[in-house]
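Student: If you want the building blocks of each chain, they are given just below.
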Amino acid sequence: MREKATTLYFGPQHPGITGNMMIRLKVEGDTIIKATTEVGYLHRAFEKLQEKRNWLQSFTMMCRFCVPETDPMEELYARAVEEIEGREVPERAKYIRVMVLELARLASFMLWYGGQNGSLGLYTMGQWSVGDRNYILDLFEELTGGRIYHMYIWPGGVRRDLPKGFEGRVLKTLDYLEKRLDDYDDLMFDNAIFKKRTQGVGIVDKATAVEHGVVGAVLRGCGIKSDIRIDDPYEVYDKLDFIVPTSDGADIWSRALVRRQEARQSIRIIRQVIDTMPGGSVYNKIPNPQKWKLPKGDAYVRAESVRGEVGLYVVSDGGTMPRRVHLRGAAYVHGITLLEDVLVGENIADVSAIMNSLGTCPPEIER
Amino acid sequence: MKDIKAKLTEKIKASFDTVSEKDYNGNRLDFHVDVKIIPQILTFLKVNLGYIHLSHISCVDWLEEGEFEIIYILWSPVEKLKVFVRTRINREKPVLPNIDMIWRQANTYEREMREMFGIEIEGLEGAEEFLLEDWQEMPPMRRDFQTEEYAEKTFWSREGREDAIDVREEIIKRSREEIPDFAKKYSR
Amino acid sequence: MINDKNSQKIVDIIQNWARKHSIWVLAYGTGCGAIEIPPTMTSRYDAERLGVRGAATPRQADVLLVTGYLTTKTLKRVIRVYEQMQDPKFVIGFGSCTINGGMYYDSYNTIKLLDKYLPVDVYINGCMPRPEAVLAGFGKLQEIIAEGRANGAQKYKDNLEWYKANQKKIIPSLLTTDYNW
Amino acid sequence: MDLLTNILGAIATIILAFVVGMSYGGIVRKITARVHNRLGPPWYQNFIDAYKLFGKTTAIHHGWMQIMGPAFLMVSSVVTLMFVPVLNNGGWFTNLNFKGDLIFLLYLMVFGPLGMALGAGQTGNPNSAIGVTRGLSQMVGFEIPWVMALVALMIQFNTTTITGLMDVQQMSGTWLMFSSPFAFIAAVLAMLGMFRYSPFDIVGAPTELASGPVSENGGKFLFTMMSSGSIFSFVKLTLYVDLFMGGADNLIILLIKTFSIYMIPVLYGIVSPRYRTEQAIRFFWGWPLFFGILAILYAAIF
Chain A
22 MREKATTLYF GPQHPGITGN MMIRLKVEGD TIIKATTEVG YLHRAFEKLQ EKRNWLQSFT
82 MMCRFCVPET DPMEELYARA VEEIEGREVP ERAKYIRVMV LELARLASFM LWYGGQNGSL
142 GLYTMGQWSV GDRNYILDLF EELTGGRIYH MYIWPGGVRR DLPKGFEGRV LKTLDYLEKR
202 LDDYDDLMFD NAIFKKRTQG VGIVDKATAV EHGVVGAVLR GCGIKSDIRI DDPYEVYDKL
262 DFIVPTSDGA DIWSRALVRR QEARQSIRII RQVIDTMPGG SVYNKIPNPQ KWKLPKGDAY
322 VRAESVRGEV GLYVVSDGGT MPRRVHLRGA AYVHGITLLE DVLVGENIAD VSAIMNSLGT
382 CPPEIER
Chain B
848 MKDIKAKLTE KIKASFDTVS EKDYNGNRLD FHVDVKIIPQ ILTFLKVNLG YIHLSHISCV
908 DWLEEGEFEI IYILWSPVEK LKVFVRTRIN REKPVLPNID MIWRQANTYE REMREMFGIE
968 IEGLEGAEEF LLEDWQEMPP MRRDFQTEEY AEKTFWSREG REDAIDVREE IIKRSREEIP
1028 DFAKKYSR
Chain C
28 MINDKNSQKI VDIIQNWARK HSIWVLAYGT GCGAIEIPPT MTSRYDAERL GVRGAATPRQ
88 ADVLLVTGYL TTKTLKRVIR VYEQMQDPKF VIGFGSCTIN GGMYYDSYNT IKLLDKYLPV
148 DVYINGCMPR PEAVLAGFGK LQEIIAEGRA NGAQKYKDNL EWYKANQKKI IPSLLTTDYN
208 W
Chain D
1031 MDLLTNILGA IATIILAFVV GMSYGGIVRK ITARVHNRLG PPWYQNFIDA YKLFGKTTAI
1091 HHGWMQIMGP AFLMVSSVVT LMFVPVLNNG GWFTNLNFKG DLIFLLYLMV FGPLGMALGA
1151 GQTGNPNSAI GVTRGLSQMV GFEIPWVMAL VALMIQFNTT TITGLMDVQQ MSGTWLMFSS
1211 PFAFIAAVLA MLGMFRYSPF DIVGAPTELA SGPVSENGGK FLFTMMSSGS IFSFVKLTLY
1271 VDLFMGGADN LIILLIKTFS IYMIPVLYGI VSPRYRTEQA IRFFWGWPLF FGILAILYAA
1331 IF
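Chains as they are written, first to last, in the numbering used here: chain A, 22 to 388; chain B, 848 to 1035; chain C, 28 to 208; chain D, 1031 to 1332.
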């Protein structure tokens, strides 16, 4: 006799869901036969609000698009505005931007370490890595005044120069984190059960990846070498030396391996940036924000976040307010159509792990 | 980069008549096309020219001109070029062809566009509601939807908001005040 | 013979003490404030030493932590969740956007005043509140629980019609079940 | 009065099991916290939690079977406790154990989870139903090596009573974990599953099933489950100490022995992710089963 399919509501109130969204699962026994996502629980209408704010006011909304990693959004907005206006950015500001971006990436990786392992029941890792993440947030706090929302990279440069001795403290934190990353390896990648749980689960192969427009670590996890920092370099990434790791497994395990490498590459980039940072000013002054008008035009800029490519499309109609600001997060692709397709045929036990591995971030989807 | 762009323009122009292009600095090239050939030109770009990555679909409401502008942004990992395919449709009766058979993820963009701008997409599958629930007003991302009015009408706001307008004057007033002795060493 | 009133008082004091030291927070990240909850629970801030710990389902939880803005879509679920929780239950509003809408004051999809829809016991200010602020908020909640002033759930029952009317104003499809649990 | 002593002794046993089980739970939370680099709750946190849960209202339930579920659990834990000798030479904690034999105990130990399964099924929450099926399949996994270990002991020493096995250890002076090592290994591996710490916490996995069978149970239901769980863990620990570690002459030794054996699943759990259901069963039908068979062969030959 054919088993009757049950409908299982995964979320929005569920400890295993990343953020606030819902997946309606049709299950037969433990196997999922159909998954339907339902989003919109976090729709704050940012893009509408930004049309009603002036250029500097709408900048403050950018960092709130996706909380785990806020700086790429700020940087995108700053870069889009600079591209429309043709504003120059001092060289030193670009280096500082890269440093902040990579620190944010590292902080986001720490959160991912916790989430990925927490979804598989290894809570110790989350406690360690989220605890260690505080050291990076301390640096942010010293630099920008905020732990999560920095509002530091703004049009024309960065808001202020590095405090005295900041580079030394960054290097010290990096040394500590590098040691800790080895500890994480012992707990996570040397763990037979972790390997058993992740290998062969949540497969996104090359054909699916191209069909769905997959980006970021998920794409690199299936063997395609793609990174916006190399392909479409921004800021000073073309002057830095780092490698783009890839892996062939196309499952959660190989994505984890890719991310493990990337965290180390971030540390390497920050060290290089500190070594080669030029002097000079960090900020080209913008006019009075109340009267600041941008010329008519539009710009589409992209950056590589932890979850993958993030794009921002900004349109100016020549006024003091943006005509349209439209963000395209990596989760916009990964979190809906790809997730729905990947979940079919998987075990219910792996839903949370797959979501974490694909980098589903609902605030980025819904904006 | 220059000859890549020239070659691409040539190929596009050879296959489609009503296309005008605009060149930008850097790796960006815009094509203005008619809405009818959108699926054909996107398929052509994807299959024949290697623009396999659909990076973005955006919609801009030009209320004054009575038109919606739809922008498809494609990326070729080989030629490292961003191609914008832009089209304009009538704002009164907006209809757009469906392209989610070319790229699966376009489905999400289109569902959002249908909900946020009220654009009808031909043959689009997926639930009617995407981000909103029980929405009864006009599609909210249209320019003529007044979000502040709607918010005031629907939600209460905390008392005390009204005097927020006077903050600037208050700051100016206070800046003229005498600084207390204990605070002098902290002020510049 | 012990006076009934007095013995009730003593029981109340002990119970409030236990409630104060055992706060189970529902794992529901309703908004972006959820990003500061993991640091609060982990090594540096360690809320578990105060008896604060996560609960997986509404039936087991004591505290509903509304972490940030509530969209109308989420509000419907939050109300369902709140009504499923068992007495005594408390609500903490987390972040500026629950207090007065914060930066979303003119958004068409987020509510501005949480206390019109749910009885809030403690508000934590800030965008985003630091983990210290979150701990201070829990401290304040413990204080008012110990004093027996955390009576939000009672308020909700007493003014149910008012709350329901407010909720229905923005959620047309709210299920009109009776509040009986 | 023989009867009075018996009744008082039974009550004392239950209180002892409750207090020890709950404190162990608190200490485990503390130890876990220290591995996590943090301070952790006080060791008596579980008592506060239990008292608070007891004080919560239960305004709704999903039929009487849901009430019976936790009751079944509690009854099974207490009855099992009655049949396990706490100390070597009786005294206050003699209870019914002179009659108790191992085979009866084996049945008793699955009685509670089955009752719980009925209760969880009544709540109508799909998470509960899935959790219950997972729990029962996992039980099928670890019961086999566990039963094999016990059967090996019975064959080896020609007795089916716990007191008999304890007497054997007292006479010879060697613990059974040395005189029948394979049975001990099989039993310890089965114990990993029995305690439901990671990697075998698949029943109530929060990120998968939102706490599984207990999802719809709060307040007094949860209190009953929590206390019966504490009593049951004490029962299991005492049983292990009785069977393999020569029992205990007084309470202090009992505490030391039970605590040290409790640390095996706890510490293993802290550093392990969770298995999937079929992986867990495959684990139990691998090495533990092998050691169980080895134990029976060893017992049959020697």
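Derived from the structure by calculation, the hints contain no laboratory data.
Some clues are possibly wrong.
To be verified - Away from chain A, derived, C-beta distances all over 10 Å, residues of chain D:
1. 1140
2. 1229
3. 1300
4. 1301
Unchecked claim - Below, in silico cross-link-like pairs of lysine to aspartate or glutamate (DMTMM-like), each with a Cα-Cα straight-line distance of 25 Å or less:
5. A/25 with A/49
6. B/1020 with B/999
7. C/196 with C/110
8. A/216 with D/1308
9. B/869 with A/253
10. C/195 with B/912
11. A/314 with B/991
12. B/849 with A/49
13. C/196 with B/1006
14. A/306 with A/51
15. A/317 with B/912
16. A/260 with A/103
Heads up, the beta-carbon is just placed ideally off N, CA and C, and yes, glycines get one too.
Student: Determine for every hint whether it applies to the structure shown.
Tutor: Against the structure, the hints:
No Cβ of chain A approaches the Cβ of residue 1140 of chain D within 10 Å, the least distance being about 22 Å, so the stated non-interface status holds. Taking the minimum C-beta to C-beta distance to chain A, about 5 Å, the non-interface status of residue 1229 of chain D is violated against the 10 Å cut. Against chain A, the non-interface label of residue 1300 of chain D is violated: not every CB pair exceeds 10 Å, the least being about 6 Å. Chain A draws residue 1301 of chain D into its interface by the beta-carbon criterion, the shortest separation being 6 Å against a cut-off of 10 Å.
A distance of roughly 7 Å separates the Cα atoms of residue 25 of chain A and residue 49 of chain A; the hinted pair therefore holds under the 25 Å criterion. Between residue 1020 of chain B and residue 999 of chain B the CA atoms are separated by roughly 30 Å; this puts the pair beyond 25 Å, and the hint is violated. Distance restraint check for residue 196 of chain C and residue 110 of chain C: the Cα-Cα separation of roughly 18 Å lies within the 25 Å cut-off, and the hinted pair is therefore satisfied. For the proposed pair residue 216 of chain A and residue 1308 of chain D, the alpha carbon gap of about 15 Å is at most 25 Å, so the pair holds.
A distance of roughly 20 Å separates the Cα atoms of residue 869 of chain B and residue 253 of chain A; the hinted pair therefore holds under the 25 Å criterion. For the hint linking residue 195 of chain C to residue 912 of chain B, the alpha-carbon distance of about 39 Å lies beyond 25 Å, and the restraint is violated. For the proposed pair residue 314 of chain A and residue 991 of chain B, the alpha carbon gap of about 22 Å is at most 25 Å, so the pair holds. Pair hint residue 849 of chain B plus residue 49 of chain A does not hold up; C-alpha atoms about 56 Å apart against a cutoff of 25 Å.
Distance restraint check for residue 196 of chain C and residue 1006 of chain B: the Cα-Cα separation of roughly 20 Å lies within the 25 Å cut-off, and the hinted pair is therefore satisfied. With a CA separation close to 59 Å, the supplied pair residue 306 of chain A and residue 51 of chain A exceeds the 25 Å bound. For the hint pairing residue 317 of chain A with residue 912 of chain B, the CA-to-CA distance comes to about 15 Å; that is within 25 Å, so the pair holds. Our distance criterion of 25 Å between C-alpha atoms is met by residue 260 of chain A and residue 103 of chain A, whose separation comes to about 20 Å.
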